[in-house]
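**Student:** Per this note's numbering, the sequence shown starts with residue 24, numbered consecutively.
Careful, some of the hints might be misleading.
Claimed, not checked - Restraint ranges, calculated between C-beta atoms of paired labels, are given here: (1) R97 to S126: 36 to 44 Å; (2) N146 to E90: 19 to 27 Å; (3) E90 to Y147: 40 to 48 Å.
Bear in mind the hints are in silico, worked out from the structure with no lab data behind them. We treat Cβ as the ideally placed atom computed from N, Cα and C, and that holds for glycine.
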Amino acid sequence: MTTTTPTPTPTKMGFDVNRFESVVSDEFLCAICTDVLDEPLVTPHCEHVFCGACIKYWLGSGPTNAEPCCPIDRTPATVESLRAPLRSFRNLLLGQSIRCAFSPACSVYVKLMNLADHEAACNYNPVNIEKEVECENSE
Numbered sequence: 024m025t026t027t028t029p030t031p032t033p034t035k036m037g038f039d040v041n042r043f044e045s046v047v048s049d050e051f052l053c054a055i056c057t058d059v060l061d062e063p064l065v066t067p068h069c070e071h072v073f074c075g076a077c078i079k080y081w082l083g084s085g086p087t088n089a090e091p092c093c094p095i096d097r098t099p100a101t102v103e104s105l106r107a108p109l110r111s112f113r114n115l116l117l118g119q120s121i122r123c124a125f126s127p128a129c130s131v132y133v134k135l136m137n138l139a140d141h142e143a144a145c146n147y148n149p150v151n152i153e154k155e156v157e158c159e160n161s162e
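Start from the sequences, fold in the hints, and give me the full structure.
**Tutor:** Here it is as structure tokens:
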């Protein structure tokens, strides 16, 4: 009897659709987690788009005797065959405005492409609260 190590559940999947400033097109939603795509990847033959963590988990968690496949149409797919979506698709996705994760304290909306930088520097990020901030007006 062969035992397999289960694929760990991804800790981060997509972005909650309620964090976005406006309605997000269905094209930008992951069919696995139903959130807005995070680090999207495309299946090779059917070209369905999923969050990178979601599709890697899906393809790696199936039964060992089953051929890995797209969760939508069961077209064969492997982790190695996944690729990034077209640049125009990524640019449209990354242009969506999303609310900072440290809301409601931080009420800022930023483009998805700038989210990581904003949240790392956000004054409401618990990591930054402990830092001493120099005020330009102090003497």
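**Student:** State, for the Cβ atoms of N146 and E90, whether the hinted interval 19 to 27 Å holds or is violated.
**Tutor:** Distance hint for N146, E90 is violated at roughly 50 Å.
**Student:** Indicate whether the distance between the beta carbons of E90 and Y147 respects the range 40 to 48 Å.
**Tutor:** holds, 47 Å
**Student:** R97 and S126, beta-carbon distance inside 36 to 44 Å?
**Tutor:** holds, 39 Å
In this structure, the one hint that does not hold is number 2.
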